[in-house]
Each structure stands twice: as structure tokens, then as C-alpha cells.
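Asker: Taken in order, these protein sequences are the chains called A and B. For the first sequence, our numbering gives the first residue as 1, with consecutive numbering after it. For the second sequence, our numbering gives the first residue as 1001, with consecutive numbering after it.
What the hints contain is simulated information worked out from the structure, not anything from laboratory work. In this text, a Cβ means the ideal position worked out from N, Cα and C, and glycines have one as well.
Some, not all, of what chain B presents toward chain A, calculated at C-beta under 10 Å: (1) Y1150; (2) L1181; (3) D1233; (4) S1234; (5) F1255; (6) I1258; (7) Y1269.
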Amino acid sequence: MIRRLSFVGAAVVIVVIALVAFVGLFMLRQPGPLEGTTTTLHLETVAAVGQALEWPRPNDPHPDWVGYLPTTTWTVPANSTIQVQIDQEDGATGLRNPFWGKVFGTEGGNMHVTFFDDKGNPQEGDMTSIDPTQAAHTFAIPDLGVFVPLLGVNPNAPAGSTNVITFSFKTKGPGHYRWQCFVPCAAKTIFGNGGPMQTIGYMGGTVIVV
Amino acid sequence: MVRLLIVWVILSAIGIAGVLQINYPPYDQSIQGQDQATTLKLLTALATPVFLAVVMMVLYSAIFFRRTSRELVDGPPMLGNTPIQIAWVAISSILVLFLAVVGIATLSSENVAQLVGAPGRTIGGGQTGGGTTGEENKEIHVQVIAQQWYFTYRYADYGGVETTHLYLPVNHPVELHVTSLDIIHSFWAYQLGVKADANPGVDNIFHVTPQKTGSFQVRCSELCGLWHGHMVDSEGQVVNQSDFDTWIAQQQKDFETIAKAVPSYAPYYFPLPLTKGS
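Looking at chain A on its own, in the form it has when it is part of the complex (with noise of 0.2 Å):
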């Protein structure tokens, strides 16, 4: 009897080690890179904040400010790779390089575009450059290589059209990138690089990787 008591007691003793040792190690470890996750950006770019289609900012201090929205810091997952889809409202400005016209550093070397012909009737196509006179804006986190022009909407196209561009790219590991926009894009500011391109939260952010 002691005997077998001594088994059961043994037993338990081990099985409880064994939880003991199972959720403490669980509770230990850290998350590892989240390989080969895919995540989705949304975003909308727009000739004035405070009147934007998808996520206005009526209450903005710079309702009239250029910018990216619905923010501009966004967090990705490391060693992933990102889909984005711009929803591109502002009309065009124009590159002063006209180098950043192409497409750089996305999955395929290309991106997705619809837009808007000069006939005002809905295009789409895979791109790896636009004329840099009909750039927009840039998606531009050069840290990763990334440099992707955003085709202005057409003054053709009806009312209230938005171009969408799609695309891909991969993370590096963890740590802050900076994105910015490279066309000078602030209205009303000398060389179109004051305001919205020297304030965080309108041309410019951070990518966080993690």
C-alpha cells in the first residue's frame, strides 16, 4: 500500500513539475519575427486633410495641409511582406527629380494602378514607372528601398475619382524607418517644401517594424 503510494505520490510530483515547467517556459518565451506574415496598409493621400473622402480631419490644426492618412506611423511585422493600397485623391504636382518616377523596391518591381485617362474613363495596369510630371505623391521608405510614385488624378476624371495604387514589399527586421514623400508637395510654401513636408503627421512618418 505505502508502496503504491509512493508511486502515486512520485507521479504526481512529476506530472506537476511538468505543468509547473510547461506554463513557465510558455510564460518565459518571446515572441519570435512573425516569418512570412502578410499585412495590409490602407491609406489615402489627399490634397487637404480636412477634406478627405475616407478619413477626413475636419478638427486638424492644418484642415488645408497635404497629407497621408488615416496616419502616418504605422506598425508592420518584421521579415513580412506588406501589401499597401493607396487611395489617391490629390491631383498632380510633379517630381523635381524625375528619377523617383520609377518604381522601386516593391514585390515585382511594379505596382497596380487605377486611374483615369485623359478622356476621363477608368483605366488600369500594371506599372513600373509614370511620368514624373504626373506624380502626386511618393510612398518612400528609403531604408527599404522602397520609392513608389502615386499617379495625380486625372483633372479629367469626374468628380471626387481617386486612383488606387497596390503594391507590395518586404521588411527588413525590427526598428523605426522613416517614409517620406519626395514630391514638393506643400502648396503655399517656397519650393512646395515647407508645412506639410517638414511636420510629422502629414508628408512624412515613421514605419515601425517590429
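Using the hints, position chain B against chain A.
Answerer: Chain B in isolation, oriented as in the chain A frame:
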């Protein structure tokens, strides 16, 4: 006094031997960088005895001429010492003039120039350059274009191809033409020993000859706006000639998609039109 002099000579010898062992920045990835490091080493070696003499004099005075009583009295009158005055003026003058000559010689070897004038001049064949020249020691012309907040590069001898990173072939002289598209920046390739103002409308010319393969960092050293601190590219590379040829060929191929939209190579640019973004 003689003992003090002996101590100073011994300390100076030890000090000079020590500073000569230090590896000085910007090290030796380029000939120009190595010249700068050598000059810095020479300056430090010559400054060491002077530094030690000053420190010794201060310590000696503090110890041996310290106030011994609480009474406030003047020290003994100093009547001057003509030989010592002549000696320190002469030695200082010789040292300063020598260092000035060395510094000017080093700067001259960098062969710095700055051109401001009417745009339109092409270099190295300009936009119509035909690719690899194949000629040894012929300078490669690379234009550094600063813009908020990134540097791009145009290789005049390779059809004006523009790239997002700076690659240079080892042991090949390079003429850098530094300019800006918008505001004042400064191109600083620290390991190469090159730091050049990047101004719109100015073609700032520097020469560099990389002599060691490896990576180098490019950063902006002129406060230039929101993302100035992030205007850094750590992917600059000095590579051997065959790797460079392969890389530049790939860049030329990639560039084809945008080449027609990019204007012809020019020595510098202006942030025009003023109404951009308005």
C-alpha cells in the same frame, strides 16, 4: 631645470611613440582619406611635446610655486628672459608655419574646385556616354545629387544613369560633382575622406581614389530639415572593377524604364519652378 628638461624629453618620446600607434580617422579606404589620416597623425605627434610642456609647466608651477603662507603677497618680480622669449617665439613660428605648409599641401592634393556658372557643360561624355571606358586611371565622373532627404548619383560616363546608391571601383580615380536639387546639404562620405557642400546651382568638385574594397557610409552633414538625421545611406560600396561593371550594367538596364523622363545630364540644377506645390 635640466632634470625637468630630461623628464619632458622622455615623456615626449613616450607620448609621440604612443600617438604614432593610433589609427587615425578617416583611415585608409581612399588615398585622400589616408592623406588626411597621415596629416592628423603628424599634427598630433607635433602637438604632443607642446601639450606635455604646458601640462608639466602648470603642474610644476602648482607644486613648486604654491603659496606657502596664508599671507597675500606678490611673487618675485619677473624681469624677462630674452633667450627664452626668442626661443619660444621661434619654435612656435616654425611649428605653425610647418603645419600650415603641410595642411595646405594636403588640401591641395584633394584638388578641390567649385564651379558656379551657366549650366550646360557636360562632362565625361555627358548623357551620350557609351558605358565602360576600359581605360585605366581615367577619372570616372559621378554626380552627387542631394535632395530632401536622400542622395542619388549620376554616372556621366555611363549614359548619365542615375542610381540610389554610390558604387565606386577600387584603385580608380573618381571626380565627384556635388550639387543639390533643393536646399543646402552636405555630402559626407566619411570613410572616403570626402565632405562637400551640396548647393543648388553649384557644381562642387572633389577627387577621390578608393584604394580598399568595402562598404562606406554617406550622410548629410548640413542641417536640412525634418529628416536630416535620417539622410544616411550605409550601402555605399567600393568594389573591384569587374563587380562595378556588372553593377553599373544592371543599373543602366533598370534605368531604361525612366531614362526618357530624366533630363540630360547637367552640372547642376535649380529648384524650379518656384510655384511647385502651390
